[in-house]
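Using the sequences provided together with the hints, build the complete structure.
2 protein chains.
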Amino acid sequence: MRILILGADGYLGWPTAMYFAANGHEVLAVDNYLRRRLARETMSEALLEAPNLQRRAEIFQSLSGHHVDVEILDCTDYRRLSQLFEQFKPEAAIHYAEQPAAPYGMLKWSEASLTLNNNLNATLNLIWAVMEHAPECRIVKLGTMGEYGTPNIDIEEGWLEVEHKGRKQKFLYPRQTGSLYHTTKILDTDLLWFYVRTFGIAVTDLMQGPVYGITTPEADLDDALLPNFHYDDIFGTVLNRFLVQAVAGIPLTVYGKGEQSRGFLDIRDTIRCVELSVLSPAEPGQLRIMNQFTETFSMNKLANRVQRVGNGMGLNVSIDHIDNPRKEPEDHYYNPAHTALLDLGLDPHYLTDEGVATMLEKVLEYRDRIDRTRILPRVRWKQGLSS
Amino acid sequence: MRILILGADGYLGWPTAMYFAANGHEVLAVDNYLRRRLARETMSEALLEAPNLQRRAEIFQSLSGHHVDVEILDCTDYRRLSQLFEQFKPEAAIHYAEQPAAPYGMLKWSEASLTLNNNLNATLNLIWAVMEHAPECRIVKLGTMGEYGTPNIDIEEGWLEVEHKGRKQKFLYPRQTGSLYHTTKILDTDLLWFYVRTFGIAVTDLMQGPVYGITTPEADLDDALLPNFHYDDIFGTVLNRFLVQAVAGIPLTVYGKGEQSRGFLDIRDTIRCVELSVLSPAEPGQLRIMNQFTETFSMNKLANRVQRVGNGMGLNVSIDHIDNPRKEPEDHYYNPAHTALLDLGLDPHYLTDEGVATMLEKVLEYRDRIDRTRILPRVRWKQGLSS
Numbered sequence: 505m506r507i508l509i510l511g512a513d514g515y516l517g518w519p520t521a522m523y524f525a526a527n528g529h530e531v532l533a534v535d536n537y538l539r540r541r542l543a544r545e546t547m548s549e550a551l552l553e554a555p556n557l558q559r560r561a562e563i564f565q566s567l568s569g570h571h572v573d574v575e576i577l578d579c580t581d582y583r584r585l586s587q588l589f590e591q592f593k594p595e596a597a598i599h600y601a602e603q604p605a606a607p608y609g610m611l612k613w614s615e616a617s618l619t620l621n622n623n624l625n626a627t628l629n630l631i632w633a634v635m636e637h638a639p640e641c642r643i644v645k646l647g648t649m650g651e652y653g654t655p656n657i658d659i660e661e662g663w664l665e666v667e668h669k670g671r672k673q674k675f676l677y678p679r680q681t682g683s684l685y686h687t688t689k690i691l692d693t694d695l696l697w698f699y700v701r702t703f704g705i706a707v708t709d710l711m712q713g714p715v716y717g718i719t720t721p722e723a724d725l726d727d728a729l730l731p732n733f734h735y736d737d738i739f740g741t742v743l744n745r746f747l748v749q750a751v752a753g754i755p756l757t758v759y760g761k762g763e764q765s766r767g768f769l770d771i772r773d774t775i776r777c778v779e780l781s782v783l784s785p786a787e788p789g790q791l792r793i794m795n796q797f798t799e800t801f802s803m804n805k806l807a808n809r810v811q812r813v814g815n816g817m818g819l820n821v822s823i824d825h826i827d828n829p830r831k832e833p834e835d836h837y838y839n840p841a842h843t844a845l846l847d848l849g850l851d852p853h854y855l856t857d858e859g860v861a862t863m864l865e866k867v868l869e870y871r872d873r874i875d876r877t878r879i880l881p882r883v884r885w886k887q888g889l890s891s
Numbered sequence: 505m506r507i508l509i510l511g512a513d514g515y516l517g518w519p520t521a522m523y524f525a526a527n528g529h530e531v532l533a534v535d536n537y538l539r540r541r542l543a544r545e546t547m548s549e550a551l552l553e554a555p556n557l558q559r560r561a562e563i564f565q566s567l568s569g570h571h572v573d574v575e576i577l578d579c580t581d582y583r584r585l586s587q588l589f590e591q592f593k594p595e596a597a598i599h600y601a602e603q604p605a606a607p608y609g610m611l612k613w614s615e616a617s618l619t620l621n622n623n624l625n626a627t628l629n630l631i632w633a634v635m636e637h638a639p640e641c642r643i644v645k646l647g648t649m650g651e652y653g654t655p656n657i658d659i660e661e662g663w664l665e666v667e668h669k670g671r672k673q674k675f676l677y678p679r680q681t682g683s684l685y686h687t688t689k690i691l692d693t694d695l696l697w698f699y700v701r702t703f704g705i706a707v708t709d710l711m712q713g714p715v716y717g718i719t720t721p722e723a724d725l726d727d728a729l730l731p732n733f734h735y736d737d738i739f740g741t742v743l744n745r746f747l748v749q750a751v752a753g754i755p756l757t758v759y760g761k762g763e764q765s766r767g768f769l770d771i772r773d774t775i776r777c778v779e780l781s782v783l784s785p786a787e788p789g790q791l792r793i794m795n796q797f798t799e800t801f802s803m804n805k806l807a808n809r810v811q812r813v814g815n816g817m818g819l820n821v822s823i824d825h826i827d828n829p830r831k832e833p834e835d836h837y838y839n840p841a842h843t844a845l846l847d848l849g850l851d852p853h854y855l856t857d858e859g860v861a862t863m864l865e866k867v868l869e870y871r872d873r874i875d876r877t878r879i880l881p882r883v884r885w886k887q888g889l890s891s
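So the protein sequences, as listed, match chains E and Z.
If you read the first sequence in the numbering used here, its first letter stands for residue 505, the second for the next number, and so on.
If you read the second sequence in the numbering used here, its first letter stands for residue 505, the second for the next number, and so on.
Where hints are given, some of them may not hold.
The list treats identical chains as one, so a pair stands whether inside a single copy or across any two.
Stated by the list, open to error - In silico SDA-like pairs for lysine to any residue, Cα to Cα no more than 25 Å straight-line: (1) K674 - G653; (2) K674 - S802; (3) K669 - S822; (4) K669 - R792; (5) K674 - G753; (6) K593 - R871; (7) K674 - E660; (8) K761 - L567; (9) K831 - A786; (10) K672 - E865; (11) K672 - N820; (12) K886 - S586; (13) K674 - D694; (14) K674 - L611; (15) K761 - N820; (16) K761 - S784; (17) K669 - E869; (18) K593 - R701; (19) K669 - L611; (20) K672 - A841.
Honestly, the hints are just simulated from the structure, not real lab data.
Shown next, in the form of structure tokens:
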């Protein structure tokens with residue numbers, strides 16, 4: 505299949521591009537390096553300096569024989585995006601092309617505005633490029649479990665049948681979340697749903713939990729092919745940050761009480777979920793929403809796990825409960841459904857002590873590159889008002 | 505009070521500006537004439553060519569003695585908007601500054617993009633200008649009853665208590681609507697709610713139904729002060745369009761079966777609702793949502809009323825059911841709550857035969873100005889794909 509990957513320079517985008525190429529698809533990888541620029545501006549560079557996309561594609565081809573085509577393009581530029589659709593005629597478009605850091609979007613007006621405009625325009629432009637130039641193209645969009653927040657009722661997969669005063673209506677599951685970034689993902693879902701039901705495009709919206717991991721079969725070919733591993737407070741996800749803290753001998757920083765629960769998954773499962781969504785696509789006129797995680801942990805459980813495994817490896821790991829920089833419930837009900845991807849054939853890589861040890865060993869190889877100043881929270885949710 | 509009116513050149517903005525000035529407030533009227541430009545580009549000019557804002561303010565002052573300050577400014581320009589907040593320090597900001605035409609946003613990518621970007625950036629910028637420069641300022645935002653769409657359960661005022669598997673959660677009422685323009689209003693509400701609950705700003709979001717009417721006490725001082733009366737298929741609201749069709753001797757065009765129901769209100773009630781929202785403001789940290797309409801009618805009932813009154817005045821009014829250019833249910837359950845504004849003191853102007861006759865007489869004065877080519881639907885919801 506002809507597969508377009510938007511945001512292909514990202515933590516998930518690049519491993520996804522290699523995977524589809526290795527599995528015989530024709531892959532066009534698109535990015536504008538926005539995340540790299542923002543990470544540099546906020547002193548949040550990844551653990552490893554990844555070569556640019558073209559260079560990574562060359563290295564990957566020389567080692568594997570598989571080709572990834574690269575185009576440097578800003579998805580908020582509709583003229584260029586629609587030209588690309590006209591030429592490449594993708595059969596599937598995987599949409600990772602969003603500003604991905606919740607703390608970044610909470611900085612000030614300019615970062616909030618960039619997050620809102622980048623994310624919504626990328627989504628709107630993708631919708632229109634599909635409608636105008638590739639109406640058969642199936643869209644696979646990365647949403648987030650964060651869209652749901654932490655309601656006091658079970659979280660279903662995308663939809664909720666409501667009974668009210670003796671009558672019934674099925675709605676998009678009501679969403680309310682903890683950051684502007686997550687809010688843009690809610691807006692994306694509403695936007696997609698409008699065009700899906702009005703114009704009959706086919707969309708899968710994957711509500712993904714925090715991802716962890718650094719290795720995939722393709723990335724393991726060479727260090728230059730590893731995913732961009734962010735471990736800082738702005739662009740890093742929580743388990744990756746804990747791993748780096750354990751290796752660096754810094755206490756694992758748990759925000760507040762630590763009873764916040766989230767649904768997690770291994771980066772290899774992200775890629776498999778996206779593949780399943782492409783190969784068993786949504787129907788025209790269907791917004792298919794699937795909750796993409798494999799198991800839930802509280803932050804305390806996750807920190808304890810890293811501590812236990814790290815200490816078993818001779819690291820000296822402690823845990824610090826610090827003042828929560830975010831505004832979020834620290835102890836809440838959490839029971840999200842997640843059967844749709846298992847039904848499609850997902851065979852999860854659950855988090856094991858061996859898995860944690862493997863990731864710690866990988867991070868240990870790059871111990872010298874850890875910048876200890878970027879691990880404690882630098883962004884507070886109230887900051888927008890305080891200065 | 506110091507009252508800022510964003511979108512003050514609009515059908516509702518200008519009468520609101522005059523009303524607050526006439527009632528002793530210090531009014532700053534802001535607009536960038538976007539609606540005029542779009543109306544001109546789509547051959548949808550209003551029935552009367554209104555003088556520009558400064559000129560209208562001069563005429564109003566010469567006739568009434570009341571002053572309206574005017575600033576020509578694009579609310580999507582954050583630098584200028586925040587400077588204005590710094591200088592004027594508004595105590596209330598009334599936000600009408602959005603691209604208001606549903607059919608316009610359904611034209612093509614460029615109109616969809618303009619609608620999305622104008623409306624969301626105006627809202628985001630207003631939120632930040634308040635947070636940074638006037639945190640005590642109460643925001644009164646015009647939403648739309650259209651945000652709710654036509655669910656098969658009762659529509660409550662903004663919020664819904666959901667019981668699911670034995671547990672309960674109060675959510676923003678789930679929204680799903682019929683056009684991109686209406687969808688941007690849903691996104692506005694989500695955006696406002698995020699900043700309200702995270703940063704404690706005070707917002708009233710008014711879910712308004714279609715407005716009708718051409719006269720207010722201030723507008724009646726001079727024809728140059730009348731609201732911009734759009735009667736075309738793109739910028740006109742339905743009852744105003746029926747009035748013009750009746751006067752022009754064109755059959756009233758009912759879309760489809762005509763059993764679509766909506767909640768309507770008189771333009772004088774819009775202004776009073778906004779005043780009530782300013783004078784009895786939301787609390788800090790509260791998103792207060794009120795459903796702003798006074799009575800519901802189906803399109804058939806409305807057309808029949810105009811026909812009866814028009815025929816009584818010697819007009820020869822017929823009704824034509826035409827193919828529905830929109831994608832919407834034409835026969836549906838509709839039971840929206842609307843008590844909050846009545847509780848605050850709204851005393852509605854209900855639609856009477858005398859009221860319809862008065863409006864018809866006003867339109868008759870301008871009979872020669874009616875452009876008959878812009879009354880039939882020129883925009884079809886599927887158009888984006890068909891050409």
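Hint check results:
When the C-alpha separation of K674 and G653 is checked against a cutoff of 25 Å, the pair qualifies both within a copy, at 19 Å, and between copies, at 13 Å. Only between protomers do K674 and S802 lie at most 25 Å apart by alpha-carbon distance; the minimum there is 24 Å, versus 31 Å within a single protomer. Taking identical chains as interchangeable, the C-alpha atoms of K669 and S822 are never at most 25 Å apart, the minima being 53 Å within one chain and 40 Å between chains. Taking CA atoms no more than 25 Å apart as the test, K669 paired with R792 passes between copies only; the shortest distance there is 23 Å, against 28 Å inside one copy.
Within a single copy, K674 and G753 get their C-alpha atoms no closer than 50 Å, and across copies no closer than 43 Å, so neither meets the 25 Å cut-off. In this assembly of identical chains, K593 and R871 lie within 25 Å of each other by CA distance neither inside one copy nor across copies; the values are 44 Å within and 52 Å between. For the identical chains of this complex, K674 and E660 are neighbours both inside a copy (12 Å) and across copies (16 Å), given an alpha-carbon limit of 25 Å. Proximity of K761 and L567 under a CA criterion of 25 Å is satisfied in neither setting, with 46 Å inside one chain copy and 64 Å between copies.
For the identical chains of this complex, K831 and A786 are inter-copy neighbours only, at 22 Å across copies versus 35 Å inside a copy, given an alpha-carbon limit of 25 Å. When the C-alpha separation of K672 and E865 is checked against a cutoff of 25 Å, the pair qualifies neither within a copy, at 53 Å, nor between copies, at 45 Å. Taking the shortest alpha-carbon separations for K672 and N820, neither the intra-copy value of 56 Å nor the inter-copy value of 44 Å comes in at or below 25 Å. Taking the shortest Cα distances, K886 and S586 sit within 25 Å of each other only across copies (19 Å), while inside one copy they are farther apart (39 Å).
For the identical chains of this complex, K674 and D694 are neighbours both inside a copy (15 Å) and across copies (19 Å), given an alpha-carbon limit of 25 Å. In this assembly of identical chains, K674 and L611 lie within 25 Å of each other by CA distance neither inside one copy nor across copies; the values are 36 Å within and 29 Å between. When the C-alpha separation of K761 and N820 is checked against a cutoff of 25 Å, the pair qualifies only within one copy, where the shortest distance is 22 Å, while the shortest distance between copies is 73 Å. In the homo-oligomer, the alpha carbons of K761 and S784 never lie at most 25 Å apart, since the shortest distance is 41 Å inside one protomer and 38 Å across protomers.
Within a single copy, K669 and E869 get their C-alpha atoms no closer than 61 Å, and across copies no closer than 49 Å, so neither meets the 25 Å cut-off. Proximity of K593 to R701 under the C-alpha cut-off of 25 Å is restricted to the intra-copy arrangement: shortest distance 23 Å within a copy versus 43 Å between copies. Taking the closest pair of Cα atoms, K669 and L611 never come within 25 Å of each other, the shortest separation being 43 Å inside a single copy and 38 Å across copies. With identical chains, the CA atoms of K672 and A841 are at most 25 Å apart both within one copy (21 Å) and between copies (17 Å).
This entry does not satisfy hints 3, 5, 6, 8, 10, 11, 14, 16, 17, 19, going by the numbered hints stated previously.
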